[in-house]
Amino acid sequence: MPEKTIETFTIERLDILDEKGNADESLLPALSEDEIKKTYELLVVSRIFDHRALNLQREGRLGTYASILGQEASQIGSALALEKTDWIFPTFREMGVYIAMGYPMYMLFQYWSGDERGVKTPDDLNIFPVCVPVGTQIPHAVGAAMAAKYRGDKIAVAVFFGDGGTSKGDFHEALNMAGVFRLPVVFICQNNHWAISVPRERQTAAKTLAQKAVGYGFDGLQVDGNDIFAVYKAVKSAAANARAGEGPSMIECVTYRMSDHTTADDASRYRSQEEIEAWKPKDPILRLKLFMEKKGLWSEEYGKGVEERSKEKVDEAVKKAESVEPPKPGDMFLYTYEKPSKRQMKQSEDF
Amino acid sequence: MPEKTIETFTIERLDILDEKGNADESLLPALSEDEIKKTYELLVVSRIFDHRALNLQREGRLGTYASILGQEASQIGSALALEKTDWIFPTFREMGVYIAMGYPMYMLFQYWSGDERGVKTPDDLNIFPVCVPVGTQIPHAVGAAMAAKYRGDKIAVAVFFGDGGTSKGDFHEALNMAGVFRLPVVFICQNNHWAISVPRERQTAAKTLAQKAVGYGFDGLQVDGNDIFAVYKAVKSAAANARAGEGPSMIECVTYRMSDHTTADDASRYRSQEEIEAWKPKDPILRLKLFMEKKGLWSEEYGKGVEERSKEKVDEAVKKAESVEPPKPGDMFLYTYEKPSKRQMKQSEDF
Amino acid sequence: MPKMSMVQAINLALKEEMERDKDVVLLGEDVGRDGGVFRTTEGLLDLYGPERVIDTPLAESGIVGISIGMAAYGLKPVAEVQFMGFIYPALDQIFSHASRIRSRSRGRYTCPLVIRTPYGIGIKAPELHSESSEALLCHMSGIKVVVPSSPSTAKGLLISSIRDPDPVIFLESTRLYRLVKEEVQEGEVMVPLGEARVVRGGKDVTVLAWGSMLHRVMQSVKDLDAEVIDLMTLTPFDEDKIFSSVKKTGRVVIVHEAPRTCGFGAELSASVAEHAMLYLKSPIVRVTGYDTVLPLPKLEDDYLPSADRIRRGIEEVMKY
Amino acid sequence: MPKMSMVQAINLALKEEMERDKDVVLLGEDVGRDGGVFRTTEGLLDLYGPERVIDTPLAESGIVGISIGMAAYGLKPVAEVQFMGFIYPALDQIFSHASRIRSRSRGRYTCPLVIRTPYGIGIKAPELHSESSEALLCHMSGIKVVVPSSPSTAKGLLISSIRDPDPVIFLESTRLYRLVKEEVQEGEVMVPLGEARVVRGGKDVTVLAWGSMLHRVMQSVKDLDAEVIDLMTLTPFDEDKIFSSVKKTGRVVIVHEAPRTCGFGAELSASVAEHAMLYLKSPIVRVTGYDTVLPLPKLEDDYLPSADRIRRGIEEVMKY
Ligand SMILES: Cc1ncc(C[n+]2csc(CCOP(=O)(O)OP(=O)(O)O)c2C)c(N)n1
Ligand SMILES: Cc1ncc(C[n+]2csc(CCOP(=O)(O)OP(=O)(O)O)c2C)c(N)n1
Ligand SMILES: [Mg+2]
Ligand SMILES: [Mg+2]
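Chains as they are written, first to last, in the numbering used here: chain A, 1 to 351; chain B, 352 to 702; chain C, 703 to 1022; chain D, 1023 to 1342.
Extracted from the complex, chain A is given alone in its bound form (with noise of 0.2 Å):
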């Protein structure tokens, strides 16, 4: 029936740097020379993070770990572009955000373990403890925004979540308030196209996630989340608009799952071989690589010293994280209230 429209939206997509390493220089963030070396050390140390959590939970010295392998430019892009004085509200599956922001990774072996102290975050950085139950902590993110908005502070709040996060009411709940107060928060989506078995077509009927943002009066972008450059200049022109008191903005990621969903899934039970061959040829850091190759920043040497400096720091990480003292079953009682009752204190002379 003939109607007369009353609105219009678009979505916009960036994309900087191609699978040959081959980038749009008038796109390209500015990044030193060290800058651009720093970024592409953050990839390889997180991967090879990554690869020592898989062996260790294997070796049972860990508990179920998500891994990060495939998305670390969406990770540490986000998190290069922020500051320290940003909130950042992670998911379970963050590891890459950890590292980048300078969180001591001996503690994200501790987490693993099944140890609380390992979220514990430090004084100096204003990261959340990982957040298990998907999308829950996006109210959280609009929360201290909120509070950020209200003290004045001239801060950014990312949040990030996956594509399965988008379907759960906490998203819609946050966004819209988010919207509604014009707060400073930068939603970042990894759609890394799974949600343990239920592909990203099964949980929208969307053709992108950053449309949603639609829903809310703001704006949503996608980018091209195995471009560490796109998700760079995405990120921090999302975060300074924020602290600028130009309110909220949705970022989608688009990346892959390249490994099973935990350590206690089996992905060939769900999705083919042949996906995952198609998108190795996307991989950042190896798009990175090529990138710096031309730019005569990438020697073989150079990768190899990088590849054992992170090695190291590692070790270190695992090295430090076993030596800890296992914590104390009383301990359980510690930090339920400011101060335990009486009935937790009396339970807690069972130890």
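In short, the hints are calculated from the structure, not lab data. None of these values were measured; they are calculated from a predicted model. Backbone N, C-alpha and C define an ideal beta-carbon position, used for all residues, glycine too. Take these hints with a grain of salt, some might be off.
[Said to hold, decoys possible] Part of the chain D face toward chain B, derived, beta carbon under 8 Å:
#	residue
1	Met1023
2	Lys1025
3	Ser1027
4	Ala1081
5	Gly1087
6	Ala1094
7	Asp1114
8	Arg1124
9	Arg1126
10	Ser1127
11	Tyr1342
Fit chains B, C and D with the ligands to the given chain A structure using the hints.
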């Protein structure tokens, strides 16, 4: 930053009948003179029902009541576009829908007097009981549609909610699933500009509520909710599409809550008389009357006749409702389970 | 001293705490311009502005969820859930986060949050406006549950709740909002959390109640030598005061509005039996709401424990 | 008869019921192609197709919400919530609707829905993968709560739950999923809801347990003349069997994994005291999880009632 556009969306709006009763003939739905009269008579009887309910509440003969004043076209226009075989999920402010579907009026008074038996839907209708928790009925509609699709029943499911209801997680999770499974649901939002004291602009930063459908991969349409032809036409085609297996859609009916939120509310605390006055000329019944006059379908005496017959119907309904035996205390133990538990039987001995 | 209803006492407590501490902010549905559907926040928007008295979109889980973030950041949010029946969508944020953030982060982040919500039968309202589901909240460690029964204790308990370093659910009986007026002191007169009060001393029987039920209990014990204890805080509850009273009287009647099965009365009964069983002269009796779906207003008075049912409960334990 | 784990028994029950009744449909996260993260629905997608084994988007409240609509329409949905810690967002739909639709509509609409969810400590998983919050569900009338402790009872109880005309929450212990195998009969061997079973007769003490705790109890009573009762259904629970056992033994120990305060043990203790107090030789003892936030895997075994703690609980009542 320059990006490429990967998607474009538009939101359309449908208007047919203006405040002066002039209609865009090219858009007029095919309604016979009798159907137009029936429509008018339903609008009038609903308004009289509503008026009477407010009086009965003041006299202590009903409990808290939520008036539909001003929203009659959105409700009756929608109901007339639906079949008795369709399933309907109302909120607490859908008396016009119940009445237009042929729900016994006396039972509605019975319900508002605090008696569950008033929402025991007669077998020839598929309308759900009044839903009080905002937004929570939306997933039920999606589930019913899922079941209907599974059974191959060629029906549409219509679910009603307000502007406030769009902020609930239930709205999001339900619409998203309806999109994923392409279910035969018509999501009818009555944007009456207020959620108790919270104005529409405070409910969401989105300029329209219709655009929320973009996030779920289906169409959202805005219509003038005080224009019964626009509402009827939009719902009719949405329901037809649903029955034809073309999936869900959302319709935002822009209307206005002319009364207090409920009899427990005092809207003068939070909105201006001017705002209310500005909406009076947009009245949905006045508008249809003017249209009918132009068409020679309305005369003073016809109008009086409709009024009188309606008053009689409502009087009878009140009489019948108040002549119903009050429930017995022991009734509260019925229907918790198919068979009361031993515990309940023991407890019911108190009476 | 001015005489106040519970609504006025709660309003005063909020005003005093907002005056004292800029970190105290209110949020919820209709708490601003409308002053709350029961007027508990009336006037506060004009005094403290929309940055501190925040009308939110209609989303209880979101309201509690953002409050958790605000609290973690350092504010002291006081969130209102319009009726207890609408706290259910927020239970996930309460159970998964508000109660766990301190423990999860080993104290790096905390949640000094108060969630106020009207509860119980009392205003002849539609479905889900009359819930009393306090027991659900008492099962989860990491939160505290407070239920005042009078204007003055409401004020003192609310101030303590706002100053508490951990999340507190503060339940306000709609029946009591305007039922009684009493003298309420201005200023920092706090009622500590975790302590019950003996409202009336007695030797023959201990009657345990809170919130809406306390007044009915008082009516039904007038001519008896009954000790009546107002719990005020359900978790953590005041074991010492309760057990010592029971050891003295040897008889216990527990009264609550909520359904019987797994109500908070079950925990009280079990705890008393564990600690004072050998002092008991008779079985413990629970006088409670029924194990049914809460009926609509026509039958709600039949659902609510009546003075007569309470009386029968007491007579039962007095048989021994 | 084939020997089966609880996972296999549950899978068989689902298969048999789907074979029998086209109205039985499964939905949840990863129940289809993946066969469920514990494989309880393995193979059913291939047998019954995507219209009956439905992988949903990630939204527990939505999953339960649409299941309610499906049930009201006439299907018999069996919804899976991937872990009990993720049922919290669905509590609103369970409490506000699943439990009330029959009553609200005076029987016009009903909710023959089963919600299956793995519960309890058992797989060294991250936070919220080890909850046992059955008591929350037992407080609300209108739903039933079932907790099997063995493969054969799991199968019989699940069939009864699917055929039950009212909503049933079916809790599956992750510790038991593969712990024991036993012979499980094929076909319609049902275990009725609302009935407990005496797993082991005895004269000195009655031990009440369900689900994950039953096996630990059995280990710790080997050399004692203890009567062990597996509740199987928590609401409505089998008062007759429990009370008559207590009247015989005069001593009661209740064991559960959930935190103590307001756990289901509180209701059992209170009910027993109300009905059999004069037969009790000693105070009732509850051996339970602690009133803390559930710790991560390094301490979870310390949280879980151990055979030794259960033993001490029994010795305590035997002192009398
Ligand atoms: C509320 C909730 N439901 C279910 C789970 C179990 N679960 C853990 S991760 C996951 C899939 C998450 O998918 P997505 O949001 O895309 O994040 P990804 O795992 O891909 O990083 C599920 C279902 C959970 N943790 N929380
Ligand atoms: C979940 C929930 N929260 C709060 C309420 C109290 N309440 C009843 S109606 C209402 C406003 C609803 O606004 P809207 O959805 O626009 O519907 P309208 O009242 O305008 O028809 C509120 C807050 C409720 N019924 N349910
Ligand atoms: Mg994903
Ligand atoms: Mg509205």
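Hint by hint, here is what the structure shows:
1. Met1023: Violated: closest Cβ of chain B sits about 33 Å from D/Met1023, beyond 8 Å.
2. Lys1025: violated (35 Å)
3. Ser1027: violated (31 Å)
4. Ala1081: D/Ala1081 check passes; min Cβ-Cβ to chain B is 4 Å, inside 8 Å.
5. Gly1087: Holds, about 3 Å.
6. Ala1094: holds (6 Å)
7. Asp1114: holds (7 Å)
8. Arg1124: holds (5 Å)
9. Arg1126: holds (5 Å)
10. Ser1127: With Cβ-Cβ at 5 Å, under 8 Å, it holds.
11. Tyr1342: It is violated, given that the least Cβ distance between D/Tyr1342 and chain B is near 29 Å, above 8 Å.
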